[in-house]
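Undergrad: These protein sequence lines are chains A and B, in that order.
Counting from 1, position 29 in the first sequence corresponds to residue 29 in full-length UniProt numbering; the numbering is continuous, with no gaps.
Counting from 1, position 231 in the second sequence corresponds to residue 231 in full-length UniProt numbering; the numbering is continuous, with no gaps.
Hints were generated in silico from the structure; no laboratory data involved.
You may find that some hints are simply not true.
As the list claims (entries may be wrong) - With the C-beta cut set under 7 Å, the calculated list includes, among others, these residues of chain B facing chain A:
hint, residue
1, Asp93
2, Ile94
3, Glu98
4, Ser102
5, Asn114
6, Pro128
7, Met133
8, Trp260
9, Lys262
Glycine residues also receive a C-beta, built at the ideal position from the N, C-alpha and C atoms.
Protein chains: 2
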Amino acid sequence: MSYRIDNLQYANWSEKIFREMREGGVDAVHVTIAYHENFRETVLNMERWNRWFEQFPELIFQGRTGADVRRARETGRTAIFFGFQNPSPIEDDIGLVEILHSLGARFMQLSYNNQSLLATGCYEAEDPGITRMGREVIAEMNRVGLVIDMSHSAERSTLEAMEISSRPIAITHANPSFWHPALRNKSDTVLNALAESGGMLGLSLYPHHLKDKSDCTLESFCEMIARAAEMMGADKLGIGSDLCQDQPDSIVEWMRVGRWTKRIDYGEGSASAPGFPPQPDWFRDNRDFGNIEAGLSAVGFSAEEVAGIMGENWLRFYDESFSAAPEVSLPRAAE
Amino acid sequence: MSYRIDNLQYANWSEKIFREMREGGVDAVHVTIAYHENFRETVLNMERWNRWFEQFPELIFQGRTGADVRRARETGRTAIFFGFQNPSPIEDDIGLVEILHSLGARFMQLSYNNQSLLATGCYEAEDPGITRMGREVIAEMNRVGLVIDMSHSAERSTLEAMEISSRPIAITHANPSFWHPALRNKSDTVLNALAESGGMLGLSLYPHHLKDKSDCTLESFCEMIARAAEMMGADKLGIGSDLCQDQPDSIVEWMRVGRWTKRIDYGEGSASAPGFPPQPDWFRDNRDFGNIEAGLSAVGFSAEEVAGIMGENWLRFYDESFSAAPEVSLPRAAE
Chain A
1 MSYRIDNLQY ANWSEKIFRE MREGGVDAVH VTIAYHENFR ETVLNMERWN
51 RWFEQFPELI FQGRTGADVR RARETGRTAI FFGFQNPSPI EDDIGLVEIL
101 HSLGARFMQL SYNNQSLLAT GCYEAEDPGI TRMGREVIAE MNRVGLVIDM
151 SHSAERSTLE AMEISSRPIA ITHANPSFWH PALRNKSDTV LNALAESGGM
201 LGLSLYPHHL KDKSDCTLES FCEMIARAAE MMGADKLGIG SDLCQDQPDS
251 IVEWMRVGRW TKRIDYGEGS ASAPGFPPQP DWFRDNRDFG NIEAGLSAVG
301 FSAEEVAGIM GENWLRFYDE SFSAAPEVSL PRAAE
Chain B
1 MSYRIDNLQY ANWSEKIFRE MREGGVDAVH VTIAYHENFR ETVLNMERWN
51 RWFEQFPELI FQGRTGADVR RARETGRTAI FFGFQNPSPI EDDIGLVEIL
101 HSLGARFMQL SYNNQSLLAT GCYEAEDPGI TRMGREVIAE MNRVGLVIDM
151 SHSAERSTLE AMEISSRPIA ITHANPSFWH PALRNKSDTV LNALAESGGM
201 LGLSLYPHHL KDKSDCTLES FCEMIARAAE MMGADKLGIG SDLCQDQPDS
251 IVEWMRVGRW TKRIDYGEGS ASAPGFPPQP DWFRDNRDFG NIEAGLSAVG
301 FSAEEVAGIM GENWLRFYDE SFSAAPEVSL PRAAE
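Build the full structure now, drawing on both the sequences and the hints.
TA: Below you can see the structure in the form of structure tokens.
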């Protein structure tokens, strides 16, 4: 069986879910450990993971490099990689980029839905692009090997991040707008620039990102991937399911509202449907990756292409992205 | 003697300076207690002030209302009002607005030189205006009586803050661009909008904001005030000296660089002159407010206008701005 990597999940973690990962043959998962958390709160979330690693060593362990994905496969476990959907863990402190990378962070979004200190989120009315601090932090992330993720960022910021970054970036969980024009999905311009710069797109299974939402068919999803592959190359695609399994609806409210407003913000939902939408029946949880694999073959992908999309593309990206860049000397004065 | 209020200082505080305030007849000073500090660090700075209040009760005490300025005058002391030059003390948490107001914060800039979570700073290349969180925080500041200060903000953000805010805002320390076109000084558009909305301009004595910098003459400074008064009305003007007395140059480097870059940023200075510039000889410290008072009379201001500019305009603004707004019910959903 080819490698299986899911490059974005935010479940209500439990032994049950870790066992389902094993049932589904999932070698590695990039888990979100911060939406709105500051540095100290993010460290608390790492401490929680450390307790799970201690409690379930036969199921999971912390991944830091591509080699850990291979080790996971060899030992029948799932490697867990940490990432953030917001730069809130670095607060206003560029020095925290290296500290958090040392603690295992491997992906960081430059913005969530709102404006951050670094970049603009997709719900802001205006997008001025990457900020002064954003330029400095991108250089530092490039240096230490923390991958820039622009999944929730606005378009201009996303394009500028690719230009400024000296290393390929990722959009860990989103789909093409040509298939389903949701605010969170990405334009042809973004997808083409991502592919040209060697970046990766993680295809999302979150119903708000799917055509026909919870009723989306496996065939439609896989046909979209075929079209994306024609545009970007099949080697630029992977899975980033955005699976939020077993979470109560209070969590999606917190994701949207954080601490930035005292009022309700429905985000991708609405007043009549504020909660998590149900998953499509062909991708309920970690046990269903086989359905996607079969669906990709059915729409005509080669065995090699299927293996790439299911995990080997992410594995190659992990190998190239998570280590420090060769030494470079920065100009001493900021722009 | 009329009231004397200096609506912005950031000195290296000491008994010497507190005694100079008394010599200069200064009834109230708005002191900056945060440039880049987060909530906890801001509280530490408040603790430091609490020790000074305990140590020098015959010289200073914490001001919270306009009545405290009158009490300062009656008891021969200086009332110290707290403010922030950046929204860093509220971090990403709108709930901290009320907490910090309860602790005595009375002014908060929505941005310093860079992009913040709320608004854009004057050194960014682009200014998209007030962010989603910025709109929410402005409403909360209006509610509790924390004054919006846009001294270091970019122009569009400044104009939008005035539009969005239901209460008058302040530019606590800056001068008109028509006199000295520094990046930190303000355009006619901003000054006119500020006056029309009932806001206040604190005239700065920081040499980078002065025509001819450290060589600026008292006459030139007071003629500029006369022109500003023609444009805005003399009742919209006060002093916000930006006096950074006895500070080592390492402090101005920290103000510019904070924790957002690992490189040097010279801000208003330059590689050849990175430090604090010398004060003009007619405004060395708190003992020299009499020079400004005399200079204002010399350019033709009436006694009443001079009293307004030296302190009574700020006192009126304090009376109107520091208390909670009458109860309003907010719409439940965010924009």
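Undergrad: Work down the list of hints and note, for each, if the structure agrees.
TA: Hints and how they fare:
1. The criterion of a C-beta within 7 Å of any C-beta in chain A is met by B:Asp93, whose closest approach is roughly 4 Å, and the hint holds.
2. Checking B:Ile94 against chain A by beta carbon gives a least distance of about 6 Å; that is within 7 Å, so the hint holds.
3. Because the smallest distance between the Cβ of B:Glu98 and any Cβ of chain A comes to about 10 Å, over 7 Å, the interface hint for this residue is violated.
4. Because the smallest distance between the Cβ of B:Ser102 and any Cβ of chain A comes to about 16 Å, over 7 Å, the interface hint for this residue is violated.
5. Interface restraint check: B:Asn114 against chain A, minimum CB-CB distance 5 Å, threshold 7 Å, status holds.
6. Checking B:Pro128 against chain A: minimum C-beta separation of about 3 Å stays under 7 Å; hint holds.
7. A hinted interface residue such as B:Met133 counts as satisfied when its beta carbon comes closer than 7 Å to some beta carbon of chain A; here the least separation is about 4 Å, so the hint holds.
8. Below 7 Å, beta-carbon pairs count as interface contacts, and B:Trp260 has one with chain A at about 4 Å; its hint therefore holds.
9. The restraint placing B:Lys262 at the interface with chain A holds, with a minimum CB-CB distance near 6 Å, inside the 7 Å limit.
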